[in-house]
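Place chain B on chain A using the hints.
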Amino acid sequence: MAAPTPVRHAWRALIGLLTLTALLFGINALGVFVFTDSEGNPGSSWAPELALDLQGGTQIILQANTPDGTPPSAEQMDQAASIIRQRVDASGVGEADITTQAGNQIVVQVPGQADEETRNRIEASAQLQLRAVLYTASPATSYVGEDGNETPYPSPDPTLNATPSAAPSNGSDPNWITDALYAEFLAYDCTDPENTPATEPADQPLITCQNDGTAKYILGPVELDGSSISDASNGLNTQNNQWAVNIVFDGEGTDTFGKISQRLYGATAPLNQFAFVLDGSVLSAPSMNAVILDGKPQITGNFTQDTSKVLADQLKYGALPLSFEVQSSNSISATLGSQQLQIGLLAGLIGLILVAIYSLVVYRALGFVIIASLVVMGVLTYITLCILAWRMGFRLSLAGVAGLIVTIGFTADSFIVYFERIRDELRDGKSITSAVEDGWGRAKRTIYISKSINILAAVVLYILADATVKGFAFTLGLTTLIDIGIFILFTHPVLQLLARTRFFGGGHPLSGLDPEALGAVYRGRAQFRAPVDAGGRSASQRRASKSRGEAERRQTIAERKLAQQSADTRSTTEGDD
Amino acid sequence: MRTMSQFGNDLYTGKTSFPFVGRRRLWFIIAAVLVIGAALVPVFRPVQFSIEFTGGSQFTVNGVASPDQTLATEAVQSVVPGAATKVTTIGDDAVRVQTDQMTDPETRDVTAALAEIYDVGEDSVSSSFIGPSWGQDVTRQSLWGLAIFLALTFLILAIYFRTWKMSVAAIIGLIDVLVITVGVYAVFGFEISPAAVIGFLTILSYSLYDTTVVFDKVRENTHEDGEKSGRTFGESVNLAVNQTLIRSINTTVVAALPTGAILFIGALWLGAQTLTDISLSIFVGTIVAAYSTLFVAAPLFSLMRENEPEIKARDERVLAAREKALTAA
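Chains as they are written, first to last, in numbering that gives the first Met the number 0: chain A, 0 to 576; chain B, 0 to 328.
Next up, chain A with everything else stripped away, as it sits in the complex:
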């Protein structure tokens, strides 16, 4: 209990910082050693992940095809690019770069190796169709005949009747199923790459399969396409507590879907089902359980949170009237990028050394506090980037590296503000320990308000800006937060402790806190030390007599007179040493 309160506070803060650092390293260690994926690869690593421009990456060029083979319009391409951008962004913070080129190509650049999931996500974007289900069966292509042997269904006989016997009256009319179509259905092999249901005509029935190959269907002609879906989201159904996908149709879609639901509701299975078909395969074929006239159907079933999210995303973003074909996919070696990384690191090192030298010149031994704070900052930022790479897929880009180098200056500023406030307090004649406390009280207000402007900038940019800027905004916000943390948990406690050492507390000339050098002007608030005061007075007196008209030049003398007059009223609050 011998230690005064600020000292205990200081130790507590430093222990807190140490615990926090240990915690962060612990979290990352968990990621490295415990949370491994199915193949045993560590989830995290001890180095931050780098973005495409620093470590190379994968470039995928997609070619967009319209159903009728005409070149897509510039508008359609823009829509396609921004939808694919949304999809890629939704998979992580990484700085995916999506551009259109040559009229019908979309270039997707993904940092690192694009995993299977990301690839599918990008490539799956295709046109979404709604078709009524006419018939469904298991994906088998053979049957067990009377002889007990398994026999493949024969190829459809070309002589079979291929036109409906009676003109089908609507999308669910079984008349669509001609003998030829049925024979084709029976022989249809879901795994055969020759089958391209995606390019079949929209106004004809379609034979296709569930996207996981568990069922095959005969579907009616397209009755609605993805462009009539204005939104799709997943959510928990409050009645049965199951995950569901909620769809919102646009005006026209609502009308059409209402008619479909009236037709399908109560029909015998499978005629009461309708199918969402993406890129020719069935995503989901729910049955109609009610007449839905408000255009807001809900799909329920055996969804998990993840599967309902995937379907909702597919429905929402799949609303593109285009199909895509991967033209080329290759990895980029960013020789230029790795060179730039080296340059950046070198520049950062030189910058740090210059900042260190400058700090030592201006703040003498206090400069070491700045350097130590920057080192702590570096360690915390590094480990946080490792964790974020693991948890959020954050990748450090060249812009991010530049951002980090630049933050050296921004971070050092909080210490500069603080030290200047301490010096100001010393100039007022306070003891070093109380100058540290009072300077802290004033500096922290300034730091909080000014840093919150930085955080605001980071948050707004992160929410609104494009992927490239997002990475930068993220780095800015992160470093600002860490900066404030270090200011509270490291710089201030260290100064509190240092103020009690003989070197700093005694105001050694090299400590940077020498009251003499700082010309501690006032003994109390009112007592002026003779040398400084005399010089100031005579000089300003001379000037004042010469130029009566310029108020601001007379400031010093007038200020002093009034300060003397009002000294007793003002000294109570601040002269507490």
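Honestly, the hints are just simulated from the structure, not real lab data. The structure presented is a predicted model; accordingly, all values stated were derived computationally and were not measured. For every residue, glycine included, the Cβ atom is placed at its ideal position computed from N, Cα and C. Among the hints, erroneous ones may be present.
Stated by the list, open to error - Covered stretches of chain A, going by a simulated chain B footprint (3 or more residues, C-beta under 8 Å):
hint	segment
1	241-247
2	353-366
3	398-406
4	421-430
5	443-457
Relative to the frame of chain A, chain B by itself:
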């Protein structure tokens, strides 16, 4: 020579005082000249936008024996002298060349030249055109972000400082910084790339940050002075700016050192385009931001407040008391 801390002491007591508020007419004229000058630069020397904004032609050469990047530049220059080219190596055997948008005959000639110089068939060279998607998308979104950020900043500062006039002064100071920085960019002929935009956004944040630090001292001084103060409002503001001057100098030097290091190294090693783009805007921006806070935002704030009846009345009392003190002395 006075030491830095001696200088700081004199600024703190008011023994040394720079007339940031007093000579504001001069500072405003200088600021106006700088802003108009910066705004006029693009007229004489148009701002260059990078391929991400303008769109452009892109050539990819596949199956190259050795992906020597200088060959690509040579090939393009032989067809269109002076064309801006950006060469990237893709994989081990491919080179991507980005150039200004080219006409059809030029595209054919460049394709032929690239095929010849890399000794591959013309069918290994694919050419395409980049639509300015980044530029359009990002510019629109960034402008939205900018507008919302400024509105929120305006609110936060107005609430914190309890006067909207500080918000106005800070944001005018910010505009000053952005215009001058873009002007400097144009003067040096640097192209505005995505990296440069990021640099501008950094300055945006930094400039407001810097102004806030100084304004917080202004708030402290003008607030603590209260009725008993021996200073006019303008003098209080001026003293606050002078008292934070050492901070402003130190911060600017410390912020400029690392970016200056990037610039210096970027100038030695050609090709560090992204880094130099970002650091130039930040290097210029930090210095201009410090200038703008001291010479534009602070005097502007004083100017806006001085005519408030309450402050005007108090200033008159202060001046009258001072007159009396002088005659008494």
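Hint-by-hint comparison with the structure:
1. 241-247: violated (count 0)
2. 353-366: Holds: 5 residues of the segment 353-366 of chain A have a Cβ under 8 Å from chain B.
3. 398-406: Three-residue rule met by the segment 398-406 of chain A, so holds; n is 6.
4. 421-430: With 3 residues closer than 8 Å to chain B, the segment 421-430 of chain A meets the three-residue bar; holds.
5. 443-457: Check passed, 11 qualifying residues.
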